[in-house]
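Q: My request is simple: use the sequences and hints to build the entire structure.
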Amino acid sequence: DAKTTQPNSMESNEEEPVHLPCNHSTISGTDYIHWYRQLPSQGPEYVIHGLTSNVNNRMASLAIAEDRKSSTLILHRATLRDAAVYYCILPNTGNQFYFGTGTSLTVIP
Amino acid sequence: NAGVTQTPKFQVLKTGQSMTLQCAQDMNHEYMSWYRQDPGMGLRLIHYSVGAGITDQGEVPNGYNVSRSTTEDFPLRLLSAAPSQTSVYFCASSLTGVAVRSTEAFFGQGTRLTVV
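Protein chains in written order, with our numbering: chain A, 1 to 109; chain B, 1001 to 1116.
Some hints could be false.
As the list claims (entries may be wrong) - If you want the ones that stay clear, here's a sample from chain A, every Cβ over 12 Å from chain B, calculated:
1. Pro21
2. Ser25
3. Asp31
4. Gly43
5. Glu45
6. Asn54
7. Ala65
8. Asp67
9. Ile74
10. Pro91
Claimed, not checked - Cβ-Cβ distance ranges computed for the label pairs, FRET-style:
11. B/Pro1075 - A/Thr26: 32 to 38 Å
12. B/Asp1026 - A/Asn57: 23 to 29 Å
13. A/Met10 - B/Ile1054: 35 to 41 Å
14. B/Gly1051 - A/Met10: 37 to 43 Å
15. B/Arg1044 - A/Glu15: 34 to 40 Å
Calculated from the structure, these hints are not laboratory results. Source: prediction; values computed, not measured. Note that beta-carbon positions come from the ideal geometry of N, C-alpha and C, so glycine has one too.
A: Laid out in structure tokens, this is it:
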């Protein structure tokens, strides 16, 4: 089963861009790369997903390496509300998610 | 449109007691799943369902049972609670499997369970 590797924690200053990396060297050719985040005491919420090309939405951008073995979630201007644990996720058992430990993002005012 | 609703939000059980965690969704999603999250850890898949009448085991199924009699509901049963089952439980639903097509999964707010 494909797994992901992320840094345990990162810090960013408020209103600066944040680049959250993820390695997924065993990804299969048809797996979508998903990013979710979990705010304190809440369930995970969707951020963005992609297959091969870079993706943008109102929350973030997703940059996917050409070989698909890594990706980067980009928050263009971090706010205090973006402090959360960010999970880079690949599909696993039963077409469900495999969650790693994620990256805990601290935003400094 | 309430999304994914979990009840109760908090529960304390004694060792050996049984209980059912409820999960309901109103989005007509075929896929539903249960995860547990221990302190400082990511979520781990317990059981999942790809449609009414169909369930299967995830990574950590021991000590839990599920059934899916309707599209909307996916209850999780703890048969004989143990302290090792102290955790936060999350239910999720999605229209399709998350690998096959681009799809978004919706998570409930969680049930915090303590077994003493």
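Q: Checking the smallest CB distance to chain B, is A/Asp67 really beyond 12 Å?
A: Its Cβ never comes within 12 Å of chain B, the nearest being 19 Å, so this holds.
Q: Can we confirm that no CB of chain B comes within 12 Å of the CB of A/Pro21?
A: Since the minimum Cβ distance to chain B is about 17 Å, A/Pro21 lies beyond 12 Å and the statement holds.
Q: Quick one: are B/Pro1075 and A/Thr26 within 32 to 38 Å, going by C-beta?
A: 34 Å, holds
Q: Does the hinted range 37 to 43 Å hold for B/Gly1051 and A/Met10 at CB?
A: Roughly 39 Å apart at Cβ, these two residues keep to the hinted range, so it holds.
Q: Does A/Asn54 sit more than 12 Å from chain B, CB to CB?
A: 14 Å, holds
Q: When you look at the beta carbon of A/Ile74, is every beta carbon of chain B farther off than 12 Å?
A: 19 Å, holds
Q: Does A/Gly43 sit more than 12 Å from chain B, CB to CB?
A: At about 3 Å from chain B, A/Gly43 fails to clear the 12 Å cut-off, so the statement is violated.
Q: Is the claim that A/Pro91 lies outside the interface with chain B correct, judged by CB distances over 12 Å?
A: Non-interface label on A/Pro91 violated, nearest chain B Cβ at 3 Å vs cutoff 12 Å.
Q: Hey, does A/Ala65 actually stay past 12 Å from chain B on C-beta?
A: Holds, since 19 Å exceeds 12 Å.
Q: Holds or violated: 23 to 29 Å for the Cβ distance of B/Asp1026 and A/Asn57?
A: Given a distance of about 24 Å, which is inside 23 to 29 Å, the answer is holds.
Q: Given a hinted range of 35 to 41 Å, is it respected by the beta-carbon distance of A/Met10 and B/Ile1054?
A: 40 Å, holds
Q: Against chain B, does A/Asp31 keep a CB gap of more than 12 Å to every residue?
A: 6 Å, violated
Of the numbered hints listed earlier, those contradicted by the structure are 3, 4, 5, 10.
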